[in-house]
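**Student:** Got chain Y; can you put chain C on it based on the hints?
There are 2 protein chains.
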Amino acid sequence: MGDFKHLVIAKFKEGVVVDEILKGMEKLVSELDTVKSFEWGQDIESQEMLRQGFTHAFLMTFQKKEDFTAFLGHPSHVEFSATFSAAIEKIVLLDFPAALVKAPA
Amino acid sequence: MGDFKHLVIAKFKEGVVVDEILKGMEKLVSELDTVKSFEWGQDIESQEMLRQGFTHAFLMTFQKKEDFTAFLGHPSHVEFSATFSAAIEKIVLLDFPAALVKAPA
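Residue numbers (our numbering), protein chains in the order written: chain Y, 1 to 105; chain C, 106 to 210.
For reference, chain Y alone in the conformation it holds in the complex (with noise of 0.2 Å):
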């Protein structure tokens, strides 16, 4: 059995201090067991057309479902949810048993 993914893409509002979002962000992940790993990064690269107005992708990964469904449930998650969502312009949000299909070496 796979890990478990939490990954959401975001563009956040104008005026948004994103530095902040990330410490509430990394905050929430250092106190929080039921994450595993957290990575996250800021488009840099990718054409505008096919990034379409998202900035930021943000990557947790969990051992298992149980533990995401946990995490979801946190109130440490809840409130820093209301936080975020405050934030951002538009989200996509997807979640996902991860198959890895190549390993690093």
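Derived from the structure by calculation, the hints contain no laboratory data. Be aware that one or more of the hints could be misleading.
[Said to hold, decoys possible] Straight-line Cα separation of at most 30 Å, DSS-like style, residue types lysine-lysine; simulated pairs:
id	chain 1	residue 1	chain 2	residue 2
1	C	132	Y	102
2	C	116	C	195
3	Y	102	Y	64
4	C	207	Y	90
5	C	128	C	169
6	C	132	C	116
7	C	128	C	195
8	C	141	Y	23
9	Y	90	C	169
10	Y	36	Y	11
11	Y	102	C	128
12	Y	11	C	141
13	Y	90	C	118
**Tutor:** For chain C alone, coordinates are given in the frame of chain Y:
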């Protein structure tokens, strides 16, 4: 310096056999040494509203941006891209240097 990520989220056209697309993608990443790792998933969990019709996420990892650039221009990728583009109804693509905030234990 962290990894460089190539993230694609997609909704396929009706009638597309996603397994065939996946086979092509698996062949591509297995042939090209520039691709460090590859994982994908089909959304099973998120709320329809947040998913916005997107069903699949594909995440490729490269050791450095130069490897990604080489991958993009490789004839096998160019060929596969044409097939992939014909199969999708919509897509968002983000390319970014990944910041690893929490590493797997």
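**Student:** Would you list, in rising numerical order, the hints stated earlier that this structure does not obey?
**Tutor:** Of the numbered hints given earlier, the structure breaks none, since each of them holds.
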